[in-house]
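Enquirer: One letter stands for each residue in the lines below.
There are 2 protein chains.
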Amino acid sequence: MTATTTPAGGLDALGRRCLAEAHGFVRERAAEHFAGRSEGALAVTAVPEFVAGGKCLRPLFAYAGWRCGQPDSDAAVRAAAALELLHCFALVQDDVMDGSELRRGRPALHVRFARWHEEQGWAGSAARFGESAATLFGDLFLVWSEQLLRESGLAPDRLARGWPHYDAMRAELAVGQLADLVNDARALPSWDTLLDVLRRKSGNYTVRRPLEFGAALAGCGPELTAGLSEFGGLVGEAFQFRDDLLGVFGDPAVTGKPAGQDLRDRKASSVVVLAAAMADRRQQTDFAELIGLPAVGDEAVGRWRELIVATGARDRLGELIRERADKALAAIDPAVVPQPAADLLAALAARCTDRDR
Amino acid sequence: MTATTTPAGGLDALGRRCLAEAHGFVRERAAEHFAGRSEGALAVTAVPEFVAGGKCLRPLFAYAGWRCGQPDSDAAVRAAAALELLHCFALVQDDVMDGSELRRGRPALHVRFARWHEEQGWAGSAARFGESAATLFGDLFLVWSEQLLRESGLAPDRLARGWPHYDAMRAELAVGQLADLVNDARALPSWDTLLDVLRRKSGNYTVRRPLEFGAALAGCGPELTAGLSEFGGLVGEAFQFRDDLLGVFGDPAVTGKPAGQDLRDRKASSVVVLAAAMADRRQQTDFAELIGLPAVGDEAVGRWRELIVATGARDRLGELIRERADKALAAIDPAVVPQPAADLLAALAARCTDRDR
Numbered sequence: 001m002t003a004t005t006t007p008a009g010g011l012d013a014l015g016r017r018c019l020a021e022a023h024g025f026v027r028e029r030a031a032e033h034f035a036g037r038s039e040g041a042l043a044v045t046a047v048p049e050f051v052a053g054g055k056c057l058r059p060l061f062a063y064a065g066w067r068c069g070q071p072d073s074d075a076a077v078r079a080a081a082a083l084e085l086l087h088c089f090a091l092v093q094d095d096v097m098d099g100s101e102l103r104r105g106r107p108a109l110h111v112r113f114a115r116w117h118e119e120q121g122w123a124g125s126a127a128r129f130g131e132s133a134a135t136l137f138g139d140l141f142l143v144w145s146e147q148l149l150r151e152s153g154l155a156p157d158r159l160a161r162g163w164p165h166y167d168a169m170r171a172e173l174a175v176g177q178l179a180d181l182v183n184d185a186r187a188l189p190s191w192d193t194l195l196d197v198l199r200r201k202s203g204n205y206t207v208r209r210p211l212e213f214g215a216a217l218a219g220c221g222p223e224l225t226a227g228l229s230e231f232g233g234l235v236g237e238a239f240q241f242r243d244d245l246l247g248v249f250g251d252p253a254v255t256g257k258p259a260g261q262d263l264r265d266r267k268a269s270s271v272v273v274l275a276a277a278m279a280d281r282r283q284q285t286d287f288a289e290l291i292g293l294p295a296v297g298d299e300a301v302g303r304w305r306e307l308i309v310a311t312g313a314r315d316r317l318g319e320l321i322r323e324r325a326d327k328a329l330a331a332i333d334p335a336v337v338p339q340p341a342a343d344l345l346a347a348l349a350a351r352c353t354d355r356d357r
Numbered sequence: 001m002t003a004t005t006t007p008a009g010g011l012d013a014l015g016r017r018c019l020a021e022a023h024g025f026v027r028e029r030a031a032e033h034f035a036g037r038s039e040g041a042l043a044v045t046a047v048p049e050f051v052a053g054g055k056c057l058r059p060l061f062a063y064a065g066w067r068c069g070q071p072d073s074d075a076a077v078r079a080a081a082a083l084e085l086l087h088c089f090a091l092v093q094d095d096v097m098d099g100s101e102l103r104r105g106r107p108a109l110h111v112r113f114a115r116w117h118e119e120q121g122w123a124g125s126a127a128r129f130g131e132s133a134a135t136l137f138g139d140l141f142l143v144w145s146e147q148l149l150r151e152s153g154l155a156p157d158r159l160a161r162g163w164p165h166y167d168a169m170r171a172e173l174a175v176g177q178l179a180d181l182v183n184d185a186r187a188l189p190s191w192d193t194l195l196d197v198l199r200r201k202s203g204n205y206t207v208r209r210p211l212e213f214g215a216a217l218a219g220c221g222p223e224l225t226a227g228l229s230e231f232g233g234l235v236g237e238a239f240q241f242r243d244d245l246l247g248v249f250g251d252p253a254v255t256g257k258p259a260g261q262d263l264r265d266r267k268a269s270s271v272v273v274l275a276a277a278m279a280d281r282r283q284q285t286d287f288a289e290l291i292g293l294p295a296v297g298d299e300a301v302g303r304w305r306e307l308i309v310a311t312g313a314r315d316r317l318g319e320l321i322r323e324r325a326d327k328a329l330a331a332i333d334p335a336v337v338p339q340p341a342a343d344l345l346a347a348l349a350a351r352c353t354d355r356d357r
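In order, the protein sequence lines correspond to chains A and B.
For the record, in the first sequence the residue sitting at position 82 is 82 according to the numbering used here, with numbers rising by one throughout.
For the record, in the second sequence the residue sitting at position 280 is 280 according to the numbering used here, with numbers rising by one throughout.
Source of the hints: derived by calculation from the structure; they are not laboratory data.
Some hints here could point you the wrong way.
For identical chains, the list gives no copy identity; a pair is met inside one copy or between any two copies.
Calculated lysine to any residue pairs in the SDA-like style (CA-CA distance at most 25 Å, straight line) [stated by the list, open to error]: (1) Lys267 - Ala127; (2) Lys267 - Arg115; (3) Lys55 - Arg305.
Remember, it's a predicted structure, so these values are computed and weren't measured experimentally.
The following block holds chain A by itself, in its conformation from the complex:
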């Protein structure tokens, strides 16, 4: 497969199509359930707004999988968009569980609902209300995702091929989040353990599963799907490595999160685990000191960054990303993957591995 790709503009237009379906569906559902109710006044606007901020990465991969076997289709765009609502479910509830205050540069949904509770002057804990409300909207995103897929307009026999992949994705999401809750509470994992968790959770969830789901809906055969699975596994890992680099070195203006958020959260991300594995004796001492800090502020973020760069982990992770991206593109066989789909896949691989947010 050559490096010539769908122009980024094409990907953006497709992403907007997916987002329009997801957003439109949620706007209608939110109006149906919450319009005219005092307790639903914020939900009518805030819940669709949350969807509107998405990048539709998972729908784009699902749609690329679809295009490996079928022509352009509005019904397939709707089916793919269901994955964006599944992602909204995961984000909203993860933010509650992790106590994350910011999402996409704005207050997280539970924070918005907590503030609103305060503004209403209601009795009881505003923080508790915010968390409960966000959990409920997460539940609704989960319900709406399945409903959008079922009502996408794809024929029942097509859908029947997609459900097992969709069910696996939903289950893996919860199972992976449970592993994450426990991981957070443990010591730094080994590089191998980390790769295992990463493959099961983010890697599969973001790239590989959506691709396989889309290919299944399109009725693609085993040979083509095997190539997509390999591509997806590699791009998924590269995506997560890049995400972890951004969690340490990313620009707040671009990521929408405070600088070094993952360090502040003491997240055992790939870049931290790799740095620990690559540290020499003196660096190991610095490492132990930083890990022992009671809280990670701006100054500690600066020290962490210097240490990670000094171990060579930042550069090495960049190499690992490029290696995986190259290997992924090589897994796409032009003899079995139609050109428009191959172009989409190449553009998506580039977006996942070069992206700055």
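Model the placement of chain B on the given structure of chain A, informed by the hints.
Expert: Positioned in the frame of chain A, the structure of chain B alone reads:
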């Protein structure tokens, strides 16, 4: 319709069939996702156990709806059992939101997972872990419910008639819970407001919607369904009134909850709201004093109970339950409802309105 009914033993056997389907499905899913994982060690047993404690009231109503139009069917039992998993989702997440420590006489799921976290000696907040884990298992119950229904074995065209009712139930559950969160934080509602919330949430959810769902799967016509809807609305209200009486006067050995739990939770339940409406001037003073107490302990529960009895609200609510039960039975037209289904409905109405737990 006469009062001769399916013997309670028949209802129990049917309930066991529903529960076996729900429990078996969850046991398989839990083993599939959590067996062999250290973080899933408790989930493999505790999550199916949670299902095993259920009474399958909603599946029984759904199945009664089914039997209004179709003969006995294992696939229909599975489809009905999906509502038990939906109920598990609601219970688990409601207990987290309400901070309820007990469920069915045992520690709530979030409490079990919090204690387990402590026993493992893991770092981080055990309470927080328990809540997050329970929320995730709630999510999985929501997913598994839909999956059990989809994979019940009912033909796609039958399922297609049931989905709108199922979707409405799921959405109403979340919407009703949001209203509840806000209600808890407000002053005592009026009797009319309370009836409105009660109809929208528990009443519809427990009886009417499951009946309509089952009847839709069975392909019942509008006349029959209208009768079921009327029956369901009335029995649902009576069920909730009875539940509220038990929340104030129920025996802990039977309810599985501390005596006067609703009073301790300051729940504005039907019996409290009715007592407020029926109180004379002197009783209103006592009422205000009890409402103003900083905490409701054993002694206050005793005083609350005396006051409620003295206003006449306990007896009046008993009359309202009987009125609704009688009116509900009259809504079942023997000319359109087949005898086995009518027997089931009568037995269920009796169970909902005379039950002591």
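Enquirer: Please go over all the hints and tell whether each is borne out by the structure.
Expert: Structure-based check of all given hints:
1. Taking the shortest alpha-carbon separations for Lys267 and Ala127, both the intra-copy value of 24 Å and the inter-copy value of 20 Å come in at or below 25 Å.
2. For the homomeric pair Lys267 and Arg115, the shortest alpha-carbon distance between copies (24 Å) is at most 25 Å, but the shortest distance inside one copy (27 Å) is not.
3. In this homomeric assembly, Lys55 and Arg305 never come within 25 Å of each other (Cα to Cα): the closest approach is 28 Å inside a single copy and 56 Å across copies.
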